[in-house]
Amino acid sequence: MDDLAEDACVQFEKYRNYLRFLARVQLDRRLRAKLDPSDLVQQSLLQAHQAAEPFRGATDAECAAWLRKILSRNLAGALRDFRRERRDVAREVALDRAVDASSARLERWLAADDSSPSAKAVSQERVLAVADAIEHLPEEQREAVVMRYWHDAKLSEIAAALGRPTSTVADLLARALKTLRTPLSRLE
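Residue -11 is where the sequence shown starts when you use my numbering, and the numbers rise one by one after that.
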């Protein structure tokens, strides 16, 4: 492996949990038995590595946008293959927008003043750190956080989806937020 390819590998690897988080947010829970977000991310990172040389981005934000685009295409392709429907370009465009919206929502959740290039770099690092922290939560806590804060689901809806009482879901969310405080407090 040459130095350029090795640098690209390292550069893209730091986005793994961020991309997995975006794939998880976009992938319907009922399809996860057939489509694993980790598989979609692995395929996306492989494609990014193979196409690293033509990538001309200079910033982390440009790299993240390029990787989101690759992930969106892979997610659309996997869903299309799973559903065995003909290609619908309108749906793919909508999926691109949905992945971008999830990323923007994650960035808004952190709400930083991005007036300078250094502030933008710090903001991008915070986005990656939050996605990483969420990806390390236990499965049920992660699902509850995603459903509550990215899909705006009510506790009763989350409880129904997880097959748990509402009080248990409230406890899951409380434990998840408590767990997230430690890694996120380091960002301040």
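Everything labelled a hint here was simulated from the structure, so no lab data went into it. Incorrect hints may have been included.
Stated by the list, open to error - The calculated label-pair distances, taken between Cβ atoms and stated as ranges, are: (1) T170 x F70: 23 to 29 Å; (2) D140 x D69: 27 to 33 Å; (3) E50 x S155: 40 to 46 Å.
Claimed, not checked - Under the rule of at most 25 Å between Cα atoms (straight-line distance), these lysine-lysine pairs were calculated in the BS3-like manner: (4) K57 x K22; (5) K57 x K142; (6) K166 x K142.
Treat the numbers as computed from the prediction; the structure is a model and nothing was measured. Where a beta carbon is used, it is the ideal one built from N, C-alpha and C, also for glycine.
Right, here's what the structure says about each hint:
no. : hint                   : verdict
1   : T170 x F70: 23 to 29 Å : violated (37 Å)
2   : D140 x D69: 27 to 33 Å : holds (29 Å)
3   : E50 x S155: 40 to 46 Å : holds (45 Å)
4   : K57 x K22              : holds (22 Å)
5   : K57 x K142             : violated (30 Å)
6   : K166 x K142            : holds (20 Å)
In summary, the structure is inconsistent with hints 1, 5 from the numbered list given earlier, while agreeing with the others.
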